Amino acid sequence: MSKHVLERLKARFTDQVEETHSNQGDDTAYVKRDKLVELLTFLRDDAELAFNLPVDLTVVDWYQKREPRFEVVYHLYSTTKRHRVRLKVRVDEDDARVPSSFAVWPGFDWYEREAWDLYGVRFEGHPNHTRIMMWEGFEGHPLRKDYPINKRQPLTTLLGEQK
Amino acid sequence: MGVNCKINGQPVTVENGTSVLEAARGAGFEVPHFCWHPGLSRPANCRMCLVDASNSPKPIPSCYIGVAEGVDYTTDSEHVRELRRAILEFILLNHPIDCAICDQAGECELQNNYFDYSLQSSRLATDKNHKPKAVALSDKITFDGERCIVCTRCVRFCDEVAKTSELGVKNRGERSEIAVFPGKTLTNPYSMNIVDLCPVGALTSTDFRFKCRVWFMSTVESVCDQCSRGCAIYLDHHKGEVMRYRPRENRQVNDWWVCDNGRMSYTTLHDERVLAPVVRDGAKPTRATLDAALERVKVLLAGRGDKVAVVVSATLDNEALFAARRLVDQALKGARVFVSARADGTDQDDILLRNDKNPNRKGVEVLFGVLPDTAALRAAVADGDVTHVLALGGTFSADDVQGATVIAASVHATDAVRAAEVVLPLQSHAEHDGSFTNFAGQVQRFQAGIAPVGEAVAGWELVSRIARALGHDLQLSSAGGALKALAKEQPDFTGFTHISLGATGRKLGSGLVVEAPAEPTATAP
Amino acid sequence: MSEILIETESGDLDSAPMNLQMGPSHPAMHGTIKMRVKLDGEIVQKTEVEVGYLHRGFEKSCESVTWSQVMPYTDRLNYVSPLCNNVGYCMAVEKLIGVRATERCEYVRTIMAESSRICDHLTCVGASAMELGGFTAFLYAIEAREELWRLTETVTGARLTHSYCRIGGLKDDLPVDFVPNYRVVEKKVRSLVADMHALLDRNRIFLDRMKDVGSMTAERALQWGFTGPVLRSTGSDYDVRKASPYMLYDRFDFEVPVGSKGDNYDRYLVRMEEIEQSFRIIDQCLKQMKPGPVNLEDGRLLLPPKDEVYGSIEGTIAHFKIIMDGIQVPPGEVYSYTEAGNGELGFYLVSTGEGRPYKCRVRPPCWSLMQGLHELLEGYQIADIVPTFGSVNMIGGECDR
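Chains as they are written, first to last, in our numbering: chain A, 1 to 163; chain B, 1 to 525; chain C, 1 to 401.
Keep in mind that the hints were calculated from the coordinates and are not lab data.
Take these hints with a grain of salt, some might be off.
In silico BS3-like links for lysine-lysine, alpha-carbon gap of 30 Å or less [stated by the list, open to error]:
| id | chain 1 | residue 1 | chain 2 | residue 2 |
| --- | --- | --- | --- | --- |
| 1 | C | Lys60 | B | Lys133 |
| 2 | A | Lys145 | B | Lys239 |
| 3 | B | Lys488 | B | Lys298 |
| 4 | B | Lys239 | A | Lys151 |
| 5 | A | Lys65 | C | Lys60 |
| 6 | B | Lys140 | A | Lys65 |
| 7 | C | Lys242 | B | Lys128 |
| 8 | C | Lys261 | C | Lys306 |
| 9 | B | Lys333 | B | Lys163 |
| 10 | C | Lys60 | A | Lys145 |
| 11 | A | Lys151 | B | Lys298 |
| 12 | C | Lys242 | A | Lys88 |
| 13 | A | Lys32 | B | Lys484 |
| 14 | C | Lys95 | A | Lys3 |
| 15 | A | Lys65 | B | Lys239 |
| 16 | C | Lys211 | C | Lys171 |
| 17 | B | Lys163 | B | Lys128 |
| 18 | C | Lys242 | A | Lys3 |
Keep in mind that this is a model prediction, so the values were computed, not measured.
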């Protein structure tokens, strides 16, 4: 749709961009985790790109299908240039963390908390790295593929009961 | 000497004798078929595989005709599509509207092919033919004459694979029916494979009949643990219960087949299970928490050097065996190691069955070398050289350990296990991830299908807990981690992980040249 | 009124900040939101918004059902404008498959989605007014909504949880008497909306409570990821229907109302004007629509007629495969977005080629709105929480999923 976004990104961060595609018209770039904040800042501040709207941040869990296991997916939009981009950062199960993008746009605040809560991917540097949907005492990360859909969780401890 | 041709415009070179259908499949073009099967002879009776060929005015049955030099084959023209619609129309003319009650629904090749290649409305304006339904061909197999499309896969299987030739087609034309020859019974040890072979719901497993709908079941890839062949299977489960096993294709182990015993062995998964740890308080066995039981284990095993015998079973998976090896090296220094196993059978044939009824004897050999067996254990106990036995896996008998103090970790509660001082619950192979090494050195991984029964713990984890009770950390955090650690220490297992073993497994030693990963990775290589 | 500063120097009054918990069960907390509010007298010093009380596992549920079975789940996302969700989801799956619905289908989807949008805005504005004490405006809004729901029931069969769209089409075309019915409803709703304008637009109390309360600049709103009427009230004109027209929006003549101050009053005006614009769009749809099929002629996506299903093996098989296996969506991923009542509603779908979604992510517009809500509340009075939170139009089903 707007190939120049990917071109510009690749030109500036050649070592970080692993591959790109525009399947179904969605420009997508797989990027490495190092320099992620710098990369996102560039997307925001560059006059040609001007990605001012953080749209979505989520995680895809490729449990037992692909390695590395997790893909952190960012969707960005520019209201001035009217173009979009999708970034994907792949992280291993044993090392499931990426730098937080909170400093670049506060608009991923709760999205990162949700990704931590439901997938267990850490966002280093997030000012309030806590669960958002699930309650304290919840064990596990429910949207992971190895979390059974009908698993029971202790709701709360009764007064006087030991945890 | 290769044969060159073109399939759908793409140049393809195959070995002389390869059928057009197999050549097309190899090139990535799916050709629909009913009667053809890679493991059986070429029949060419359903005509679903007809494709156009530049050297023939009429379409050719691609499952039968070998690739000819310089010919252009077309598997996807409008003419071929029309042919497929016509053939499906004929097959469906007399097909009963049984989908709602047919077990095959959800895994039916007729449904799939109709949906993928036809979707043409019916033009039938009369009644359909009627034939016998729900006929018991044997106590394991139910036959439905109306659903049968007379592809003869079942007949050819009994002729060519099982080599017992019990089935045939009786009558002819539109009255054809599959039948057992008079005087014969359908009792070959591989008979239930025809249930998988049957592309429609004509042959169904009586055991599975009406038990569970296919789409309710989830499937994991597993390995049969009834003999040293280790046939690759699919484990189908629903609501935490194993519903059936089906064979999985593995050209290196079992082709497409599994023996009836192995197939039905899912019914034994819950036989007399050890549900919770048990500790003997004097003569009375009482249920204990795992921590309490492990405390007792520590008291019984710590500091006894070579008076302790660790008996590993040839039914344990590689991960449990590796944990056991670390246990002996680090926490039970000096302990003697023995191997216990299920008794041999006598039905070995040159199809699948093996006399060795243990799934992982080879795994024991690779990790421990040749170990003394339970006869030697019996002698050692009798001589007083061994006073305490840690049996990992319940394949030992009470006589083997007569006089010793026994700690038994077992899946099933045999008499010998019940007599032990401490009983620890072990998961069956359906409840955790792991891997077996078959008699020919093929290492295959299996996936957990159901939740652990009772308080059962996976072998590698239980052994790690025992080590921890004895004050040692085996550094194993998961089954996958255990295999990775094993791969680092055992050259034959180099490069093996649960993902790299894939669906078919790998041969011992094949990982010594590490292939580049297929997908790009985020972390540095 | 919001300029009053409360002095905290007082000898005999305890002037430590008070921590108050509002919700999750609270009449003004629109469903289930908890706000931890740190108060200095009446001024909100700091507020922490806590969500998740209506989390029902939408995404996880989607992973265990077929693509078609997700439809009822989408109804229950933004449950005041369910058709917007239905349309958004179907468009996303169709984008992933690589088909586009028929022209008539897109007209009907537009009509229904816009009518859903009107319902959404009516509910929001009505509830806002009620919470400030203007119960009459709420009653008018609900009556207008009732008219629309009755009309929608004749089309979809349900007042709220429609599940009207299908992948590749719709459940059914519009009923034959839709246009005359709609004209009657339109007249009624328009007159009620005019009454609401008359009650609220220049109402002294309404103005005092809503004007200059809960302001934000456009730049800050964009940083937070705001979209929809809340973003447009700040001055940014981003509307997906204009920026990246989908379906047939490029054929319609309509305006996007844009505010300037980003306060509650602007949000009220933006929503009211959007109702009018939605009427304009529906009008144009009805004028431009031609007779034709609403479903694609694709047996791989849509069920065969029932008499074929029961009477022939072919129909049985086709019906069976679509229902049991699910529609075969080719492997891949797609992000599809529409302008829903609250802003950019996105569906990020990942398929591995099976009949079930591998991942069905909803990008909820109110998620971004709620994370930035504290900035709209801090510095204002506790009484301002009610109109501000109301004007953000957080819908629990969409926010928490």
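Hint check results:
1. Lys60/C x Lys133/B: At roughly 42 Å apart (the allowed maximum being 30 Å), Lys133/B and Lys60/C break the hint.
2. Lys145/A x Lys239/B: holds, 17 Å
3. Lys488/B x Lys298/B: holds, 29 Å
4. Lys239/B x Lys151/A: holds, 12 Å
5. Lys65/A x Lys60/C: Holds, at roughly 18 Å.
6. Lys140/B x Lys65/A: Distance of about 36 Å is beyond 30 Å: violated.
7. Lys242/C x Lys128/B: Status violated; Cα separation ~58 Å.
8. Lys261/C x Lys306/C: violated, 56 Å
9. Lys333/B x Lys163/B: Distance of about 53 Å is beyond 30 Å: violated.
10. Lys60/C x Lys145/A: holds, 9 Å
11. Lys151/A x Lys298/B: Since the Cα atoms of Lys151/A and Lys298/B sit roughly 34 Å apart, the hinted pair is violated (cutoff 30 Å).
12. Lys242/C x Lys88/A: Holds, because 28 Å separates the two Cα atoms, which is no more than 30 Å.
13. Lys32/A x Lys484/B: holds, 25 Å
14. Lys95/C x Lys3/A: It holds: about 19 Å lies between the C-alpha atoms, which stays within 30 Å.
15. Lys65/A x Lys239/B: Holds, because 23 Å separates the two Cα atoms, which is no more than 30 Å.
16. Lys211/C x Lys171/C: This hinted pair is violated, its Cα atoms lying about 44 Å apart.
17. Lys163/B x Lys128/B: violated, 35 Å
18. Lys242/C x Lys3/A: holds, 21 Å
Checked against the numbered hints listed earlier, the structure breaks hints 1, 6, 7, 8, 9, 11, 16 and 17; every other hint is satisfied.
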